[in-house]
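Student: Residue-level listing of the chains:
2 protein chains.
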Amino acid sequence: MTLTELKQFMDIHKKEIDERMPSYIERMEGPGTLKEAMVYSVQAGGKRVRPLLMLAAVSAFRPVEEQDYQAACSVEMVHTYSLIHDDLPAMDDDDYRRGMLTNHKVYGEAFAVLSGDGLLSKAFEMISTLTHVGDDRKIRMVMELARSSGLEGMTGGQAADLEGENQTLALHELEYIHDHKTGALLTYAITAGAVLGGAPEEDIKNLKLFARELGLVFQIRDDILDIEGDESEMGKAPGSDEGSNKSTYPSLLSMEGAKEKLVFHAEKAKSFLPGSSSYTSLLNDFVDYVAERIH
Amino acid sequence: MTLTELKQFMDIHKKEIDERMPSYIERMEGPGTLKEAMVYSVQAGGKRVRPLLMLAAVSAFRPVEEQDYQAACSVEMVHTYSLIHDDLPAMDDDDYRRGMLTNHKVYGEAFAVLSGDGLLSKAFEMISTLTHVGDDRKIRMVMELARSSGLEGMTGGQAADLEGENQTLALHELEYIHDHKTGALLTYAITAGAVLGGAPEEDIKNLKLFARELGLVFQIRDDILDIEGDESEMGKAPGSDEGSNKSTYPSLLSMEGAKEKLVFHAEKAKSFLPGSSSYTSLLNDFVDYVAERIH
Numbered sequence: 001m002t003l004t005e006l007k008q009f010m011d012i013h014k015k016e017i018d019e020r021m022p023s024y025i026e027r028m029e030g031p032g033t034l035k036e037a038m039v040y041s042v043q044a045g046g047k048r049v050r051p052l053l054m055l056a057a058v059s060a061f062r063p064v065e066e067q068d069y070q071a072a073c074s075v076e077m078v079h080t081y082s083l084i085h086d087d088l089p090a091m092d093d094d095d096y097r098r099g100m101l102t103n104h105k106v107y108g109e110a111f112a113v114l115s116g117d118g119l120l121s122k123a124f125e126m127i128s129t130l131t132h133v134g135d136d137r138k139i140r141m142v143m144e145l146a147r148s149s150g151l152e153g154m155t156g157g158q159a160a161d162l163e164g165e166n167q168t169l170a171l172h173e174l175e176y177i178h179d180h181k182t183g184a185l186l187t188y189a190i191t192a193g194a195v196l197g198g199a200p201e202e203d204i205k206n207l208k209l210f211a212r213e214l215g216l217v218f219q220i221r222d223d224i225l226d227i228e229g230d231e232s233e234m235g236k237a238p239g240s241d242e243g244s245n246k247s248t249y250p251s252l253l254s255m256e257g258a259k260e261k262l263v264f265h266a267e268k269a270k271s272f273l274p275g276s277s278s279y280t281s282l283l284n285d286f287v288d289y290v291a292e293r294i295h
Numbered sequence: 001m002t003l004t005e006l007k008q009f010m011d012i013h014k015k016e017i018d019e020r021m022p023s024y025i026e027r028m029e030g031p032g033t034l035k036e037a038m039v040y041s042v043q044a045g046g047k048r049v050r051p052l053l054m055l056a057a058v059s060a061f062r063p064v065e066e067q068d069y070q071a072a073c074s075v076e077m078v079h080t081y082s083l084i085h086d087d088l089p090a091m092d093d094d095d096y097r098r099g100m101l102t103n104h105k106v107y108g109e110a111f112a113v114l115s116g117d118g119l120l121s122k123a124f125e126m127i128s129t130l131t132h133v134g135d136d137r138k139i140r141m142v143m144e145l146a147r148s149s150g151l152e153g154m155t156g157g158q159a160a161d162l163e164g165e166n167q168t169l170a171l172h173e174l175e176y177i178h179d180h181k182t183g184a185l186l187t188y189a190i191t192a193g194a195v196l197g198g199a200p201e202e203d204i205k206n207l208k209l210f211a212r213e214l215g216l217v218f219q220i221r222d223d224i225l226d227i228e229g230d231e232s233e234m235g236k237a238p239g240s241d242e243g244s245n246k247s248t249y250p251s252l253l254s255m256e257g258a259k260e261k262l263v264f265h266a267e268k269a270k271s272f273l274p275g276s277s278s279y280t281s282l283l284n285d286f287v288d289y290v291a292e293r294i295h
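Chains as they are written, first to last, in full-length UniProt numbering: chain S, 1 to 295; chain B, 1 to 295.
No wet-lab data here; the hints were simulated from the structure.
Please note: incorrect hints may appear among the correct ones.
Same chains, same label: a pair holds when it works inside one copy or across any pair of copies.
Said to hold, decoys possible - Here are the simulated DSBU-like cross-link-like pairs (lysine-lysine), alpha carbons at most 35 Å apart as the crow flies: (1) K259 with K208; (2) K261 with K105; (3) K205 with K14; (4) K105 with K35; (5) K47 with K35; (6) K268 with K35; (7) K7 with K47; (8) K35 with K261; (9) K35 with K205; (10) K35 with K15; (11) K105 with K205; (12) K7 with K270.
The whole structure should be built from the sequences, with the hints applied where relevant.
Tutor: Here it is in structure tokens:
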């Protein structure tokens, strides 16, 4: 498989994900403004990396089915909720996200908090109502998502990130933050894809290790892009993390050191993919895609 | 059974719940301050009505087991999360809760948002790791909790409550708010207790209807207490809702009308309890307890 084929896979499925994201919320009953606020953020675009990774992991074991989109969109609900809360004035205080006003700039802080809350609950509901996998696999997904999103995962990572602001972090502290703030949910996406796909436990375990490395690649690339990137491609100003005094891989390791580390983790990620199996090519190419992405 | 026996049931189980609540969080790995903030709120006391209702519903079908506390504490995690978020400056802006400083007054807004987020994820994890019921029942609980806590339940109710501030509501609007903001999670607690206890579908259905009425009794009593209550018993000043221009049952129906409505829903609640069955007495007495409570 080539990067072109991966691109095709991503284009096809991203379109399906983009179409479905608002529809899961629109179908619900609820007060108009809150529903509107939730829809606003789930259709605000983005690369949909997490659901695409989940589908890539599923397709390693069997063809993607209609219901897989519901599971895939569920992880994007969690990602969206985390962005809404992270953007709040009390947290990162961002007015723009992907070139659009952030949720609280449009709907106010109260509704932004509630939008995030509602999306997190929705994610668990979407897993619980899947009909194409057994209850044992759904419970496994609920457990993995709860752990990845809570104190021991994403929420804990965001707290550590806030505490680390305006101070120079040691590399292991920076890694803790990324492992939790970004890595945990990426790992969930891939793990859940393997669970959904019916993977044996050994493969689930390997894909978890794969995912952890991919998460680091993702974050190192993000830090590099923040310095070298093009504002029009990224939707935020390059160097904006630098301005806020955040420790980054280039600031701790130099740009050259960060790039070396990126290659190291990309190679390590690939080492967890069983080499002989045909399914590895898509996830293998995903590593290159993440390592080389320009926005 | 008498109210004294219900009190004994509540005292025994409340002690167990109070002891366990912080321990579920303390055992987790995570950044110190966020963990501390979460523990602060889960041990801030309260009546523990939701977990007690869940255990009362369980005990209608079989004796309470050790693992039931984990399920019961899980709904209290959700309740606690909702209080933390509702107290935020952007929402109800409360400095005190149960006589203690609110979470954001001690840990700041960012950590208060994250504490709530972490508790919601934790609740789902606690259901997913129960070992004394089958996966089918756990998935049912996840689905019911997700619906009760999200846009179609509690979060939607809070949004409607915010939108209804400073205007006189029609009775059906006030009822919508309470049905969702408070009622949904109370209903979940009782429904989940029946599911945990192994109740047949017919009983689960009846207990859901029972719970909805009990939720209304709870809220009407709350509104009455807000006017007639004693500050030292309630931990907040009587009349505080009046001051914020919120519509309440007494303001819409007069105090006498509100009390009549309370009796009506209390009787209706009891009508959904199968009269012959021995299990009804505890839930029956719970209605009287809620209707007559003084704080």
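Student: Against this structure, judge whether each hint is valid.
Tutor: Results of checking the hints against the structure:
1. Taking the shortest Cα distances, K259 and K208 sit within 35 Å of each other inside one copy (23 Å), while across copies they are farther apart (58 Å).
2. Within a single copy, K261 and K105 get their C-alpha atoms no closer than 37 Å, and across copies no closer than 41 Å, so neither meets the 35 Å cut-off.
3. Taking identical chains as interchangeable, the C-alpha atoms of K205 and K14 lie at most 35 Å apart only when both belong to the same chain, with a minimum of 26 Å there against 40 Å between chains.
4. In the homo-oligomer, the alpha carbons of K105 and K35 lie at most 35 Å apart both inside one protomer (16 Å) and across protomers (29 Å), since each shortest distance falls under that limit.
5. Taking the closest pair of Cα atoms, K47 and K35 come within 35 Å of each other both inside a single copy (23 Å) and across two copies (32 Å).
6. For the identical chains of this complex, K268 and K35 are inter-copy neighbours only, at 32 Å across copies versus 42 Å inside a copy, given an alpha-carbon limit of 35 Å.
7. When the C-alpha separation of K7 and K47 is checked against a cutoff of 35 Å, the pair qualifies only within one copy, where the shortest distance is 12 Å, while the shortest distance between copies is 55 Å.
8. When the C-alpha separation of K35 and K261 is checked against a cutoff of 35 Å, the pair qualifies only between copies, where the shortest distance is 31 Å, while the shortest distance within a copy is 42 Å.
9. Within a single copy, K35 and K205 get their C-alpha atoms only as close as 38 Å, which misses the 35 Å cut-off; across copies the closest is 28 Å, which meets it.
10. In the homo-oligomer, the alpha carbons of K35 and K15 lie at most 35 Å apart inside one protomer (22 Å), although the nearest pairing across protomers, at 39 Å, exceeds that limit.
11. Taking the shortest alpha-carbon separations for K105 and K205, neither the intra-copy value of 41 Å nor the inter-copy value of 42 Å comes in at or below 35 Å.
12. Proximity of K7 and K270 under a CA criterion of 35 Å is satisfied intra-copy only: 19 Å inside one chain copy versus 61 Å between copies.
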